[in-house]
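Peer 1: I would like the entire structure built from these sequences, with the hints used as guidance.
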Amino acid sequence: MQGKQALVLLVDDVTEIVEELLTFMELHGIPAVGVSDLDEAMAALEGNPAIRVLACDVRLGRESGLMIVSRIRDHAVLCQRPFNYLFITGDPLLQDPSLQMPDHMVLTKPVQPQILIDVLRDMLGELENSAQQGDV
Amino acid sequence: MKPNEITQRDIENWTRCTPMKQQCHPVEDIAAQSISDGIDVSDAHQLFETIAAKSRLADLGEQSSALAHELRQPLFSISVANENLRMMLGRCDITKPQLDKAIARIAQQVERAQTIIDRTLAYASGNSRGEVSADIGLAASNAVEFLRPLFETADIEIDDHGAHVHANVSLCQVETEQVFVNILRNAAESIESRRESGWQGAGHIAIRIALHEGAVRCVVSDNGAGLSGDTARAVFQPFFTTKPRVGTGLGLHICRRVLEKAGGVVTLVPDETEGARVEIELPLNG
Numbered sequence: 002m003q004g005k006q007a008l009v010l011l012v013d014d015v016t017e018i019v020e021e022l023l024t025f026m027e028l029h030g031i032p033a034v035g036v037s038d039l040d041e042a043m044a045a046l047e048g049n050p051a052i053r054v055l056a057c058d059v060r061l062g063r064e065s066g067l068m069i070v071s072r073i074r075d076h077a078v079l080c081q082r083p084f085n086y087l088f089i090t091g092d093p094l095l096q097d098p099s100l101q102m103p104d105h106m107v108l109t110k111p112v113q114p115q116i117l118i119d120v121l122r123d124m125l126g127e128l129e130n131s132a133q134q135g136d137v
Numbered sequence: 119m120k121p122n123e124i125t126q127r128d129i130e131n132w133t134r135c136t137p138m139k140q141q142c143h144p145v146e147d148i149a150a151q152s153i154s155d156g157i158d159v160s161d162a163h164q165l166f167e168t169i170a171a172k173s174r175l176a177d178l179g180e181q182s183s184a185l186a187h188e189l190r191q192p193l194f195s196i197s198v199a200n201e202n203l204r205m206m207l208g209r210c211d212i213t214k215p216q217l218d219k220a221i222a223r224i225a226q227q228v229e230r231a232q233t234i235i236d237r238t239l240a241y242a243s244g245n246s247r248g249e250v251s252a253d254i255g256l257a258a259s260n261a262v263e264f265l266r267p268l269f270e271t272a273d274i275e276i277d278d279h280g281a282h283v284h285a286n287v288s289l290c291q292v293e294t295e296q297v298f299v300n301i302l303r304n305a306a307e308s309i310e311s312r313r314e315s316g317w318q319g320a321g322h323i324a325i326r327i328a329l330h331e332g333a334v335r336c337v338v339s340d341n342g343a344g345l346s347g348d349t350a351r352a353v354f355q356p357f358f359t360t361k362p363r364v365g366t367g368l369g370l371h372i373c374r375r376v377l378e379k380a381g382g383v384v385t386l387v388p389d390e391t392e393g394a395r396v397e398i399e400l401p402l403n404g
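Just so you know, the sequences run in chain order A and B. The opening position of the first sequence corresponds to residue 2 in my numbering, with each subsequent residue numbered one higher. The opening position of the second sequence corresponds to residue 119 in my numbering, with each subsequent residue numbered one higher.
For the record, the hints were derived by calculation from the structure and aren't laboratory data. Heads up, some of the hints might be wrong.
[Unchecked claim] Think about it this way: if two alpha-carbon atoms lie no more than 20 Å apart in a straight line, the pair counts; the simulated DMTMM-like pairs of lysine to aspartate or glutamate are:
hint, chain 1, residue 1, chain 2, residue 2
1, B, 219, A, 20
2, B, 379, B, 397
3, B, 172, B, 236
4, B, 219, B, 229
5, B, 214, A, 20
6, B, 219, A, 27
7, A, 5, A, 20
8, B, 379, B, 399
9, B, 214, A, 27
10, B, 379, B, 253
11, A, 5, A, 27
12, A, 5, A, 47
13, B, 219, A, 17
Peer 2: Written out as structure tokens, the structure reads:
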């Protein structure tokens, strides 16, 4: 899979989870990069123009993973790119209307690996289909 | 009845055994007064142990969602590592070190989950009872770890760099941790209370421990809502609470009783600029 551009960005502040998920993605042939906080996530998005899916933990130390949406929205370049959002949480996730979230999926830890890969494949396929239809 | 429920009977018994006028007296005075009042001292101690145990269970109840969150992290790692291992075993291009790494990861994460469970059960059961020596720096550090999810959720910064001091005092370890859990939780709630009134600053709690002439002095300061001088004096009375819907009113009272057993004193002082600080002074063990 070396040389392929990353399609998925994994964000989790638990290093072990990021490492295992990267191995998992590699075994499934999905190129991905992993980071541990929102600043690194933004840098990874800037440096990897093919990333289309964000799989982001909700509780990132003292940060909320949900803020990735507004960080992208406020970014002059990244706001032009289409992303699919998957949030992975260890807590019940309450809706906060003030956040103005785009369409997104939520999975609760510990996520069953097969469900995770199915969701990611759906999201990658969904964007491919949208792009082919000229929606994005 | 739930095991952590503090009942009306507990309140009546506790109030009978610890009349208000005795709250600021050393424990020996309480014992002497209890005898003169016809109250069995061993009953009073037993009641205190029961109330303290129930208070720890109440702490655990409040921490249960944070505990679930904490356990979900290693469970997720294990789940994915197990799936990776399963997939690797079906392929011929995987090396033994790669398999070993996945197996080691699972073992490591099981251990992490076990540590979380052990720490929680130790706090709940008070299983260090019988020991008469506690490391106060370790107690502060364990209390911070126990409450870490609460601090993260509430976006409160903990500065415990000044707490990395090893000092032994004549208390059992779990009791000493309970003292710090109660004080730190109160500090966090004070910050939340200040935010509820519109303040939008960064929540901050600092712990400082220092040795001085055969004693250890510990200060826990916060930038929360603060309190009046009258409230600062009243908070150590049993069942005094500023949050009647959620608090038992026993947290700081238990702190004072625990510390008095080792000849210690605790005071709550409104800070001159913002928030408040709890000051503890304890004689060193031996």
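Peer 1: Each hint needs a verdict: does it hold in this structure or not?
Peer 2: Hint-by-hint comparison with the structure:
The suggested pairing of residue 219 of chain B with residue 20 of chain A holds, with an alpha-carbon distance near 11 Å, which does not exceed 20 Å. This hinted pair checks out: residue 379 of chain B and residue 397 of chain B have alpha carbons roughly 17 Å apart, not beyond 20 Å. About 18 Å separates the Cα atoms of residue 172 of chain B and residue 236 of chain B, which keeps this hinted pair within 20 Å; it holds. Under the criterion of a C-alpha separation no larger than 20 Å, the hint pairing residue 219 of chain B with residue 229 of chain B is consistent with the structure, at around 15 Å.
Only pairs whose Cα atoms come within 20 Å are accepted, and residue 214 of chain B paired with residue 20 of chain A is accepted, the gap being roughly 18 Å. For the suggested pair residue 219 of chain B and residue 27 of chain A, the alpha carbons sit about 15 Å apart, so the restraint of at most 20 Å is met. Distance hint between residue 5 of chain A and residue 20 of chain A is fulfilled; the C-alpha atoms sit about 18 Å from each other, no more than 20 Å. Our distance criterion of 20 Å between C-alpha atoms is met by residue 379 of chain B and residue 399 of chain B, whose separation comes to about 12 Å.
A C-alpha spacing of about 17 Å is found between residue 214 of chain B and residue 27 of chain A, which places the hinted pair at or below 20 Å, so the restraint holds. Of the pairs offered as hints, the one joining residue 379 of chain B and residue 253 of chain B holds, with about 16 Å between alpha carbons and a cut-off of 20 Å not exceeded. Only pairs whose Cα atoms come within 20 Å are accepted, and residue 5 of chain A paired with residue 27 of chain A is accepted, the gap being roughly 11 Å. Among the hinted pairs, residue 5 of chain A with residue 47 of chain A is consistent with the structure: their alpha-carbon atoms are about 16 Å apart, no more than 20 Å.
Distance hint between residue 219 of chain B and residue 17 of chain A is fulfilled; the C-alpha atoms sit about 12 Å from each other, no more than 20 Å.
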